[in-house]
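Asks: One letter stands for each residue in the lines below.
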Amino acid sequence: MSAEANTLTAKDFTSDQDVRWCPGCGDYSILKQVQTVLPEIGIERENVVFISGIGCSSRFPYYLDTYGMHGIHGRAPAISSGLKIANPDLSVWVITGDGDGLSIGGNHLIHMLRRNFDMNVLLFNNEIYGLTKGQYSPTSPEGKVTKSTPMGSVDHPFNPLALAAGADGTFIARSMDRDPKHMREILKEANLHKGTSLIEIYQNCNVFNDGAFGVFTDKKTKAETTIFLEHGKPCVFGENDSKGLMLDGANPVIVDLESGEYSVNDLWVHDKHDRFKSGVLMRCFDTPMPDREVLPRPFGIFYQEDRPCYEDLLHEQIAVSINRKGEGDLDALLRGKNTWEIA
Amino acid sequence: MEKTKSPETVRMNEERRDVTILFAGDSGDGIQLTGSQFTNTSALFGNDISTFPNYPAEIRAPQGTIAGVSGFQLNFGSVEIFTPGDMCDVLVVMNAAALKANLNRLKIGGTVIANTAGFDKKNLTLAGYIDGNNPLENNSLGKYRLIEIDITKLTREALKETPLGIKEKDRSKNMFVLGFLYWMYNRKLGPTEDFIRDKFAKAPELIASNLAVLKAGYNYGDTSETFTTRYEVKPAPLPKGVYRNIMGNQAVAIGLIAASRKAGLPLFYGSYPITPASDILHELARHKNFDVRSFQAEDEIAAITSAIGSSFAGNIGITASSGPGIALKGEALGLACILELPLVIVNVQRGGPSTGLPTKTEQADLMQALYGRNGEAPIPVLAPASPRDCFEMAYEAVRIAVEHMTPVFLLSDGYIANGAEPWRFPVSADLTPIKPPLRKSAGGEAYMPYARDGKGVREWVVPGLKGMEHRIGGLEKEDITGNISYDPENHQKMTLLRAEKVRRIADFIPEQALDRGSPDAELCILSWGSTYGAVKTAVKEMIEEGYSVAHIHVKYLNPFPKNLGDLLRGFRRVMVPELNHGQLVKIIRSEFLIDARPLTKIKGLPFTASEVKEAAVNTLEA
Ligand code: SF4
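Protein chains in written order, with the numbering used here: chain A, 37 to 379; chain B, 3 to 624.
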C-alpha cells in the first residue's frame, strides 16, 4: 500500500463515462460500494484491473478509472486467468452475472474456482436476462413466467454458492445491493483473501424482475427471512435476534430464543472454515412462504480456506526450472541435442 | 527358411541417389521410433532427408487389423530432397495388415522386407486375406523383390540368455529391423546405440537387450549369405553449415520461444489438447526456463481468451489448435481483432469438416482463417512451407502480431507438423529484431488507446503503468479515445482503419520471389503451405525435361506480397494445387482477376510430386 494510494477517494476511481444502467437498477449500489472500498483497501489505481463479460453488469469496467476490459459473453474468468498468470501482482476483479457466469460461461467459472487464481469475482445475480430484455436465467425459480417462458420455466435453477463449493471455491460469500455496509465489508474481506473470492450479490433488476429479492431486502421482512453470518458468532436472526439456528444431526433447525427453552449458547456457531457446516448453510435455499416457516437465507462469508493459487504454483515451476537448467539459452535451444556439420 | 527371390550371388555395393523406405506395422510395433532413428542416423551421416509419419486414428486400434497400421515414410538422398517420396523403394512390413495397407505405395521392382511371424493364420485373417491365403507364398508378390525374415523368432533368439519375458523380448523386434536396414544401407549403429543408452538410462536390462537385438539385426545381414547387395547413399551437397533434424510442431514451438526472447516479452501459451497440435504444448511446457507460461485451459475458448488476457497484461499471447478447436475460437478472434492486441493463433490443419480425419492432413481451413468470423475482422495469415520453415513463419507470426498489434494466423498442417527434415538452424544474434510498440514508463504524453502511428498501429500500454489507466472492450470504439461509440460514421472509419492496418503489413514482409523457372513461363504453379515440396520436385523435374513451367510459393496469404499480382500476370496459365476443394484459387481469381485453375486433392494425404507433374504436363499439352 503506497502513501499516495491512501489519499485517493471514490472519485479517483470514477471514470469520465456516463453510467447507463436503468434508473433504480441495483447495479448502481454495487458500483458505488466498489468505488468506495477501492481507496480504502489502498491499492494503486494502476494495479487494479476489472474484467467483465456481457450483460448489464458487464458495463462495470467502463465506469471505473482503473485498467479494464469488457470481454465477450461468459469469458471474463478465462481472460482474467491469462491476465493473472501474465502479471500476478495485479488486483483482478471479475464482473459477471447469472447469465454470463452461470450459463454461457459456467465452465470457466468452475475451472477458475478449482484453480484458485487470486481474484475477486462479483456475480451480480438478478435472476433474469436484463440486457436481452427479460428472458429467464439459470437462477430464475421454477415456474418463472418470462418472455421466453410464457407458461412458466421448467428449468431447475442453480444454487450458485453450492456450485462454487462443488468446484472447491476457497472463498464463498453472498451479499445484496440493498445492504451497502454489508457489501463493503464482504468486498474488503474478499480482497484480503488470497485465492478466488466469489461473492454472489443479489441485485434488483427493477425493469424486468423487480422485487425478485424483495422478501430478503425489504426492511419489513428482512429480519425474518435472512440471517447474517459472522465467523465465530452464533447464528441468530429474526426481529430483535429472537431466533437462532441449531444443527439437528445434519439438519439445520430454527429455535425460538424467547420461549426460554434455548439460549444463544445453544446455537450453532458459524465456522467459515468448516466445509461441512458451510455446505449446510449454502443449502439453506428455501423460497420464503407466507404460510409456513422456512429457513432464513444466509448472507456473509459461508466458507473460506487457504489453498495455493494457480499463478503462484506456475511461477514457482518457472523459477525451479530456471534454477535447475539455468536461464533459457536461446542458442542452445536452436541447436538442440544432435547436430552435424557440412563443411 | 530365409530366402531372397533375387538371383545375385556376389556381394556388391550399389550406389543410390535417393531411397524411399516405408516402415509399417502394428501401432504397438515401434514403427515411429524405428523410422525416426533411421532418419537421425541418416541425417547425421549427411543425407538430405524428409519424413512423413502416418498414424492410425485410434490410439489402440485392434492389433493386426488394417485400421491399426502405423507407418513412417522417409526419403533420404545424396541429392536435395523436398518430399518424403511418392512411391517407396523399400517396404518393411511387420505383419500382413501392414502389407495389405501399403503395397500400392511400393514401386514395381521394389523390395518387401516381411516379418514372417506376422503372417500366421490369425494375422492373415485379421488383415482380410481370405482363407489364410498367404501373399508371401502365393506368388502374388512376383513383381517385387521379397525378403522374408522371421524377425520375431530371431529377436527372441538374440535374447534367449536374458531373463526378460516373451512380451518384453518381442517389444524390441523393431531394433532387429533397424539393425538389418543399417547393414543394408551401410550405416553406423553409433547414434542409435547412444539413443538407446539415453532412453533406457533407468532400466539397464533394456539397454542391454535393445543393443543386442540391434546388433543381431545388423549381423544377420552381414553373415547370412543370402544378402548380396548393400546400398550406398552418399551425403548430399547441402549448403555448408551446422544442421540438426527438426519436426514441424517442434519448429513452431522453438520459433515462438525465439520470438518472445527477441521481443523481450514472456510467452503465454493457452491451449486445449487436440490432434495434431498438442505436441506444440508438450514442447513449450518443457521450456519453462525460458519464462514460458503454458496453460492447459478448460476448453478452446478459454485457451484463446486467456491468451488475450495475457496480451492485455503485456505477454505475447499464443494459442494453437486444429480446425474444430479454431471454430470454437471464432468469437474471441473477433475480440482480439477489435481490441487490437497481439495474438498468434496456430492452426495445425487436419481433415474436416467437424471431427473429420483427426490424424490426416488437409489445407481446408484457409477460408476459415481469412473469413471465419462475424463482422469485418481482417486477420493476417501466414503458412509455413515445410517442417523447418515452421520456425521462420512462427517467428514471423509473432513479429507481425507484436509490431502491428493484431491477431495473426499461422496455418500449419498435420503433414508438416509431424514431418521432419534437416535444418540449418540460425544463431540468435542473426534473427530479425522484434520491436513491440510498448509504452515503458509513465508520464509523457497522455495515453489515447486508439491513436495510431504511421503504420496505423496503436500503442500498447499494459496494466501497472501509472496514469495510463484505460478500458478496452468488444464494443465498437471511438477513433483515438477508445470510448464506446455507436456513431455510424465512426464505425465505418474504424472498420477501414483496422483493414488498412492489416493491408499495410505488406510493406513489412518480403516481396514474392519465384522459387524456380522463368517469370514468363507458359505455366506457373502457385502453391501454399505443405504442398511446397511436391510442387518443387515436380517443377524441378519438368524444367529439366524442358517444359516451360515456373513455381511460386506463397507464405504470406494475408496480406499478399505487394508484387504477387504482377508476377502472376506474367504467366499464360496459373495452376493452384491445394489439399482442399479449391480455396486459395478462389482468392487469387477474385483478388487479381486471373484465370487461375485449381488442382485439388481431398484424401487426407499430401500430393505426390508425380500427381502435380502429371496435372501440369496435361495442362501444358492440352
Ligand atoms: S435491465 Fe435490469 S439489470 Fe439491466 S440495467 Fe436495467 S434494471 Fe439493471
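Treat the hints with care, as some may be off.
When the alpha-carbon atoms are kept at most 20 Å apart in a straight line, the in silico PhoX-like pairs for lysine-lysine are as follows [stated by the list, open to error]:
hint, chain 1, residue 1, chain 2, residue 2
1, A, Lys47, B, Lys468
2, A, Lys373, B, Lys201
3, B, Lys171, B, Lys217
4, B, Lys190, B, Lys155
5, A, Lys68, A, Lys269
6, A, Lys224, A, Lys68
7, B, Lys124, B, Lys162
8, B, Lys123, B, Lys155
9, A, Lys373, B, Lys190
It is worth saying that the hints were derived from the structure and are not from the lab.
Source: prediction; values computed, not measured.
Asks: With reference to the structure, classify each hint as holding or not holding.
Replies: Verification of the supplied hints:
1. For a cut-off of 20 Å, the pair hint linking Lys47 of chain A to Lys468 of chain B stands: about 17 Å separates their Cα positions.
2. At roughly 14 Å between alpha-carbon atoms, Lys373 of chain A and Lys201 of chain B fall within 20 Å of each other, so this suggested pair holds.
3. Taking the CA atoms of Lys171 of chain B and Lys217 of chain B, the gap is about 15 Å. The hint holds against a cut of 20 Å.
4. The suggested pairing of Lys190 of chain B with Lys155 of chain B is violated, with an alpha-carbon distance near 24 Å, which exceeds 20 Å.
5. A hinted pair counts as satisfied when its Cα atoms are at most 20 Å apart, and Lys68 of chain A with Lys269 of chain A does not qualify at roughly 29 Å.
6. Using a Cα cut-off of 20 Å, the hinted pair Lys224 of chain A and Lys68 of chain A holds, with the two alpha carbons roughly 14 Å apart.
7. For the hint linking Lys124 of chain B to Lys162 of chain B, the alpha-carbon distance of about 25 Å lies beyond 20 Å, and the restraint is violated.
8. A threshold of 20 Å between alpha carbons decides the hint, and for Lys123 of chain B with Lys155 of chain B the separation of about 16 Å falls inside it, so the pair holds.
9. Only pairs whose Cα atoms come within 20 Å are accepted, and Lys373 of chain A paired with Lys190 of chain B is accepted, the gap being roughly 18 Å.
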